[in-house]
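This is what each chain is made of:
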Amino acid sequence: MRFLTCYKLVPEEQDIVITAEKTLTTSQAGDKISPFDLNAIEAAVQLAKDGDEVLAISVGGKALNNAKLRKDVLSRGPDALYLVTDEHLSSSLPYETARALAAASQKIGFDLLLCGEGSGDLYAQQTGLLVGAILNIPAINAVSHIEIKEGHVSVERTLEDEIEVLDVPLPAVICVSSDINEPRIPSMKAILGAGKKSVTQWSTADIGWESEAAHADLISVYAPEQTERKRIIIEGDGQDEIARLRDYLANALS
Amino acid sequence: MNKINKVWVFSDTTERYADLLSGARQLGEHVNAVIWDERDINEVRQADAIYLLGGKNDNQRIENYAKTLATLADEGQEQTLILLAATRRGKGLAAKLSVLLQAALINDVVLLDHHDNHLYAEHRMYGGLAFGQERINTRIAVITLAGGVYEPIAEANTSMPPLTLVDYIPTADEVLCRERRTKTANSVDLGKARRVIGVGRGLMAKDDLQMIWNLASALDAEVGCSRPIAEGEHWMERERYVGVSGVMLKSDIYLALGISGQIQHMVGGNGARTIIAVNKDKNAPIFQYADYGLVGDIYKVVPGLTELLKR
Numbered sequence: 001m002r003f004l005t006c007y008k009l010v011p012e013e014q015d016i017v018i019t020a021e022k023t024l025t026t027s028q029a030g031d032k033i034s035p036f037d038l039n040a041i042e043a044a045v046q047l048a049k050d051g052d053e054v055l056a057i058s059v060g061g062k063a064l065n066n067a068k069l070r071k072d073v074l075s076r077g078p079d080a081l082y083l084v085t086d087e088h089l090s091s092s093l094p095y096e097t098a099r100a101l102a103a104a105s106q107k108i109g110f111d112l113l114l115c116g117e118g119s120g121d122l123y124a125q126q127t128g129l130l131v132g133a134i135l136n137i138p139a140i141n142a143v144s145h146i147e148i149k150e151g152h153v154s155v156e157r158t159l160e161d162e163i164e165v166l167d168v169p170l171p172a173v174i175c176v177s178s179d180i181n182e183p184r185i186p187s188m189k190a191i192l193g194a195g196k197k198s199v200t201q202w203s204t205a206d207i208g209w210e211s212e213a214a215h216a217d218l219i220s221v222y223a224p225e226q227t228e229r230k231r232i233i234i235e236g237d238g239q240d241e242i243a244r245l246r247d248y249l250a251n252a253l254s
Numbered sequence: 001m002n003k004i005n006k007v008w009v010f011s012d013t014t015e016r017y018a019d020l021l022s023g024a025r026q027l028g029e030h031v032n033a034v035i036w037d038e039r040d041i042n043e044v045r046q047a048d049a050i051y052l053l054g055g056k057n058d059n060q061r062i063e064n065y066a067k068t069l070a071t072l073a074d075e076g077q078e079q080t081l082i083l084l085a086a087t088r089r090g091k092g093l094a095a096k097l098s099v100l101l102q103a104a105l106i107n108d109v110v111l112l113d114h115h116d117n118h119l120y121a122e123h124r125m126y127g128g129l130a131f132g133q134e135r136i137n138t139r140i141a142v143i144t145l146a147g148g149v150y151e152p153i154a155e156a157n158t159s160m161p162p163l164t165l166v167d168y169i170p171t172a173d174e175v176l177c178r179e180r181r182t183k184t185a186n187s188v189d190l191g192k193a194r195r196v197i198g199v200g201r202g203l204m205a206k207d208d209l210q211m212i213w214n215l216a217s218a219l220d221a222e223v224g225c226s227r228p229i230a231e232g233e234h235w236m237e238r239e240r241y242v243g244v245s246g247v248m249l250k251s252d253i254y255l256a257l258g259i260s261g262q263i264q265h266m267v268g269g270n271g272a273r274t275i276i277a278v279n280k281d282k283n284a285p286i287f288q289y290a291d292y293g294l295v296g297d298i299y300k301v302v303p304g305l306t307e308l309l310k311r
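So the sequences go chain by chain: A and B.
For the first sequence, counting from 1, position 64 maps to 64 in this note's numbering; every step adds exactly one.
For the second sequence, counting from 1, position 223 maps to 223 in this note's numbering; every step adds exactly one.
Just chain B, same shape as in the assembly (with noise of 0.2 Å):
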């Protein structure tokens, strides 16, 4: 695998920088680490170059710094690749670096690639449903990179790289944050539960729900469920979900009630450890994705497995 010629890596969030730059040395032979905050100095020292952006202040925002990190970047006629956490942020400067330096932009990606010459970026389509592989045919290339792609390098360089001071370029669309408030916490994330079970056609009434709660209550779950539960009958919130544009699963186990199992549904289920299903049809799909299936009616399972656990 042939190299690109240089890596600009920037994040703003500081737990980013590890992974990112990890991945700026896999695919690239020079990298410089672009800075907006001067404690981030310490995160980046793996880079053979530092750049610290000058006027940081309370109501300046990133997204207002497109300028001066393309004219930063659009140096030579190397191939370039701008590596950025794919965070909102990191979104929002990309486009703006992308029509700038004239240079593909790719979000969310969960593999690159570098091979004759030209960079390859995955990223998921059809709301989890599948990956898109595109070819970059642009000179310098703008990734938004996912999190968890590149393992963090454990050693850091014992020497500084040099530092570099560069100048805020004011524009024309240059908006100001007017204000800052911290977010309330949020609601149910099923995407960070560590135990999920998941309620589907199989469950008859709204009523019947209680008798999932009351199973998950003694497993110390949360409850999800598939998309005709949430979007059907609107027995459960959106964000309860599981599949193709809504929850994609990591927990350690999935227990599967009364769901069929369409592949619609098991994308976002397969990211679990362990998967186990009970359903009443044998030939239900769901049985070819579960480590542990049973064959039989979830309103004789779950009242008689939640007496089990409690035990």
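The shape of chain A in the complex, shown without the other chains (with noise of 0.2 Å):
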């Protein structure tokens, strides 16, 4: 059997800067896999038995040429990474990233795609259903299990107010929550390993992708308002400053 594991790089959100004018600097953030996609990579490496493979795959800019993060997602268990280059997608939206992964991962071949449940930078909670869609095979999000059957996979789909139990025919997408499980930490012996497991580079005249009008622009993006705050501030802690405290405290509770 054959699992397609997706990622994205993403800026490291705690080193992202608010200006004064709220907008957002990532120039200081250096890229991170998606911690949402860790699941789907660890879920794929534990799901997969002897003579099953684990394949890990991304679409996106030049980002995805740096060595160390490329040996980041090997060290975590795939057995070989696919990787597709193009500025026009280092900044896609959902649909036009889904439509190259899509493409990418006829390409290779596959039993079941794994994503995340989102991007740690847009979290538009979209891309691997519209893969699923986009090859016309099921896809179902908010799994929180899986097991391998014959022929299908039984998943559990952790939903607001329920939990579903669905037996999904193969090919599929299945896109994992973020509580699915506790993504490991690579050993050094894996680390050692991953920088001799393949690499597969492709551009996106390799997978026949081309842009296309996008379905929707990002416009902006602002930091929200922060609430105007009150700003009272007590100097000290002996028993009449904690009082003060405790006087304005219970002030706010009733």
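No wet-lab data here; the hints were simulated from the structure.
Source: prediction; values computed, not measured.
Hints may be right or wrong, so weigh each one.
To be verified - Computed list of lysine-lysine pairs in BS3-like fashion (alpha-carbon distance at most 25 Å, straight line): (1) Lys22(A) to Lys250(B); (2) Lys183(B) to Lys56(B); (3) Lys280(B) to Lys230(A).
What the hints assert, rightly or not - Simulated coverage check for chain A against chain B, where a stretch passes if three residues somewhere in it have a Cβ under 8 Å from a Cβ of chain B: (4) 165-177; (5) 231-242.
Unchecked claim - On the chain A side, residues computed to face chain B include the following (Cβ under 7 Å): (6) Leu69; (7) Asp72; (8) Gln125; (9) Tyr222.
Heads up, the beta-carbon is just placed ideally off N, CA and C, and yes, glycines get one too.
Dock the two chains into a complex; use the hints.
Below, the structure is given as structure tokens:
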């Protein structure tokens, strides 16, 4: 059985700077594998048995050339890596990304395609589902448990009000929830072994992808206004000061 | 603000029809409500027309109706909005609709605006650090709307809008439900707590959390933390982490103890009505975000405050 697991590189959100104009600067934020995609990679690696294959795939801009991040993905268990790089894909919205992932994954061939619940940057929560719809195969989101059966997978889907148990015929796309597993921390051996694994690099021409008129454009990104606060400050931690703090607290609660 | 010609509303949960229809009314000239359960008919009387989907049974799932709904909504050449509740089912259905209809899809929308013949939608990005605004270029737009964006309209139509029965169109990628299970009670949900205490790096040892829990018990509060406590030290579960990609508080008070107040944390606290901060460092950014602040040692303030509250 062949598992394909998708990932995206996103800026480290802890290092994003918010300017006085409420815009965002990501120039000091290094790239990382989107945390939700680590769940997808981990799920694939856990499901794979002897003779199965786990392939990781990403489509995007030149950030994908970062050798350290390639090793990072491969150190988490996938057997090989496929990358489609094109500057059009460096900031594409979900539909364009999904078309590229659909074309590339069809070229590779797979039984089960795994995605995270959304990306750490856009968190559009649709790319994996769109890939399934484009390929006209079942695509299920919010999956919190997967079992491999003969010709299908049995999955649990954690919804707001209940859990659905579904038998999904293969090939299929499964978008896992962030609580499906605890992504592993790669061992030293895995990190050293990652450099020896195969990386296939494609252009968009190799997968027959061309950019199309975008369904939507991201026209602005801004930080929300922080709520206005009173900023009443007490200096000191003696009994009187603590009592004053208690009074403010009691007031706020009434 | 000119209006969208036609808005289709569907929700997999009865409670959401009121706010979805209110939004649809503000944005659209003609509002069609789609229901799957005939008992929802009284919830959608504000629509101009009601469409009841056929073929409901215990194993059927609403996501399988993408073809049925796409066929229904794709009549004519008018500008069309399909407005769904931002539930997991809603998002599953929305993705299929967007591909079938070649329509832009935006999930978890918190603000919708229609002007210059374009629909604009905002949603959270970077784990809540920012909002992104997207302009939709397609004739049909699919939107899953977050709760609480529109106030429900109080008055209902006196007359019942016309009702149309819609046949289910089976599809090749149909997946039926084998079994449904009730969910076991959730663990902590800080997003719903009224009173929350947050701890940060000012806490020196894991054992000192006991002191925080004592205060929480005196205050009848839940306990959350900043990212280093959950992800660096693993002193608390990830569900208790307040901030970017974590919990967004809606509490009455947020008592931040030994938290420096980085913006990545504060976006999670921004929704609290009152923020109270204790920190040794007078220059800590947390005091910029606090209604009340005390410059001092949490190891003195926490036991002292606990004593005072117990009296």
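Given coverage of the stretch 231-242 of chain A by chain B, checked by CB-CB distance under 8 Å (3 or more): Satisfied; 10 residues make the cut.
Interface restraint verdict for Asp72(A) against chain B (beta-carbon cut-off 7 Å): For Asp72(A), the interface hint is violated, since the closest Cβ of chain B sits about 17 Å away, which is over 7 Å.
Holds or violated: Lys22(A) to Lys250(B), with C-alpha atoms at most 25 Å apart: Given pair Lys22(A), Lys250(B) holds - Cα atoms ~22 Å apart, limit 25 Å.
Outcome, coverage hint (the stretch 165-177 of chain A, chain B; C-beta under 8 Å; three residues): Answer holds; 5 residues pass the 8 Å Cβ test.
Chain B contact restraint for Leu69(A) - C-beta distance below 7 Å: Constraint on Leu69(A) not satisfied, violated at 19 Å.
Hinted pair Lys280(B) and Lys230(A), Cα distance within 25 Å: 19 Å, holds
Per-residue hint verdict: Tyr222(A), partner chain B, C-beta under 7 Å: 6 Å, holds
Cut-off 7 Å, beta-carbon criterion: hint that Gln125(A) touches chain B: 5 Å, holds
Hint consistency between Lys183(B) and Lys56(B) [alpha-carbon to alpha-carbon, up to 25 Å]: Roughly 22 Å separates the two Cα atoms, so the pair holds.
The structure does not agree with the numbered hints 6, 7 stated previously, though it agrees with the rest.
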